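**Q** The chain contents come next:
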Amino acid sequence: MGRIWKLGDNINTDVIIPGRYNVTTDRAQLAKYCLCEILPEFAQQVRPGDIIVAGHNFGCGSSREHAPAAIQASGVKAVIARSFARIFYRNAINIGLPVLICEEAVLNSEDGQEAEVELEQGLITNLTTGQRFQAQPLPPFIARIVEAGGIIEYIRREGTLR
Amino acid sequence: MGTLAEEIFSYKLGRPVNAGEIVIVDVDHVMSHDTTSPLAIQAFRKLTGERGGRVFDPARAHIVFDHIVPAATVAAATLQRDIRGFAREQGIQILQEGICHQVMPERGFVAPGEIIVGADSHTCTYGALGAFATGMGSTDIGVAYATGRSWFRVPETINVRLTGQLQPGVYVKDVTLELVRRIGVDGANYRALEYSGPLVEALSVSERFTLCNMAIEMGAKTGLVAPDATTEAWLRGRVNRSYPMLQPQNPRYERVVEVDVSELSPLVACPPDVNNVVPVEQVEHIQIDQVFLGTCTNGRLDDLAIAASILRGRTIHPTTRMVVIPASREVYLEALRLGYIETFIQAGASVGTPGCGPCIGRHFGVLGPGERALTTMNRNFTGRMGDPTAEIYLGSPATVAATAITGHITDPRQFLA
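Sequence order for the protein chains is A and S. By the count of full-length UniProt numbering, the first sequence reaches residue 162 at its end, each step adding exactly one. By the count of full-length UniProt numbering, the second sequence reaches residue 417 at its end, each step adding exactly one.
I should point out that these hints are in silico values taken from the structure, not numbers from a laboratory. Given the structure is predicted, the values throughout are model-derived calculations rather than measurements. Hints are not guaranteed to be accurate.
EDC-like, lysine to aspartate or glutamate: derived pairs with alpha carbons at most 20 Å apart [what the hints assert, rightly or not]:
1. A/Lys32 x S/Asp387
2. A/Lys77 x A/Glu147
3. S/Lys46 x A/Glu114
4. S/Lys12 x S/Glu156
5. S/Lys46 x A/Glu103
6. S/Lys46 x A/Asp26
7. S/Lys46 x A/Glu153
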């Protein structure tokens with residue numbers, strides 16, 4: 001269970017982790033500047049288990065994997081959006097950051113509410129209102145990558161990319 | 001039978017594939033740059049074990065240093081040192097001679113019908129040569145370095161059909177901004193954009209690069225132009241291997257967006273999203289602290305030629321500064337020979353080493369609080385060029401050059417002879 005951080009449409013990778021702070025592979029360092037352009041208090045106040053809820057096209061812009069890595073390192077359990085930009089979505093799945101598409105959950109969430117996500121079933125519960133939502137199921141191939149914990153773990157398990 | 005994207009995947013797999021299928025294919029070239037290589041190397045090591053893993057083919061693995069060159073900070077220099085170590089170990093050549101998206105085609109690493117993955121979102125630029133090229137994150141690229149393969153969902157295609165004639169002072173950059181305005185910043189999400197029509201057929205390869213470069217600004221997986229005689233002429237002397245001139249065959253497009261460019265005027269994208277596009281007349285009063293000519297969108301020879309023709313014999317406004325960065329060493333040398341660089345320097349511009357420059361806000365012209373820039377870049381996101389309160393406007397090389405002279409956003413048509 002965690003706090004909902006509600007964001008709008010078209011949250012781009014430059015505001016998730018600005019280019020001037022992504023010259024590192026240190027994930028804790030990335031987390032320190034996560035979302036700093038639009039939510040300066042986020043890095044200080046975010047707690048493990050918190051959930052980002054956003055509108056359309058979350059993660060648009062650059063291919064920097066530092067963006068999902070920064071969110072993951074900040075302790076966020078999942079990102080729920082109406083839609084994701086393609087590269088961010090793929091990056092998140094590859095590194096094991098849960099990303100769920102659920103229009104209804106987004107439309108019925110407010111910043112600061114509490115929510116719980118059951119990842120295996122794609123079930124989202126808004127604990128403040130008691131409403132429950134079902135996220136879109138993943139295509140089978142992508143579901144197998146998620147289940148393995150990321151693309152590296154998937155390939156190791158399968159022995160090859162197939 | 002299919003769109004150009006479907007034709008390329010069908011050719012690669014030796015069987016017909018359709019949009020929506022998830023396929024695993026051998027890729028022809030893999031690219032990463034100085035910012036995305038460190039995480040790609042981490043993923044590569046994680047997959048292959050700490051030592052002993054080999055890249056699939058060092059001659060088809062490319063590392064380009066362009067984002068912070070020469071290194072501006074100890075942190076950047078340290079990462080670049082470590083990447084050099086990896087490249088030495090693997091026998092990969094590091095190219096430090098310009099922006100990856102200019103250097104890859106110039107060096108002949110892009111040919112029609114090939115599949116190219118790069119750890120940079122603007123990898124879609126290479127579709128201008130009829131290759132299927134797309135940006136991915138570092139982990140995907142680490143996997144491709146190790147296996148020579150990647151997975152794709154074969155995209156649906158939106159056909160962008162361009163007709164009509166560009167008016168004087170209006171350029172392909174203006175057309176791309178108009179397309180982002182019409183299609184939206186996610187209107188082509190997960191899809192391919194296939195550009196066609198009489199205008200596209202008449203465009204140079206450089207102009208096609210500008211067009212395809214900004215496909216990602218509409219969310220697209222790639223932008224594509226079917227290869228033709230113009231493509232072949234450009235590739236001569238760069239690509240010696242044979243390549244298939246794949247064309248769309250009775251394609252089924254998700255939709256067709258038809259634009260007659262004849263009525264377009266110069267356009268400007270206002271911060272903080274690329275689809276905030278207005279005719280230049282609407283924003284002419286806005287004072288500009290810095291203009292920037294360069295990037296993978298508009299840092300090529302024809303872009304510099306347009307700007308130089310406006311700036312020749314003139315000086316930039318005292319309240320405005322100008323940064324010029326040629327997209328590659330090849331472009332830089334040719335611009336020197338043709339006198340463009342001298343024109344820029346005499347006008348008062350700072351000319352930088354080929355690379356990304358201030359486009360990612362790390363060096364060579366970052367913006368201070370509250371400052372405004374007009375640039376030939378592809379993104380105007382908050383904080384991209386430095387301080388988050390700075391504002392970025394996007395326009396063509398001509399609009400940038402005209403603005404440099406007056407100090408406020410200016411319609412370039414008043415400077416045309």
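**Q** Which of the stated hints cannot be reconciled with the structure, identified by number in ascending sequence?
**A** 3, 5
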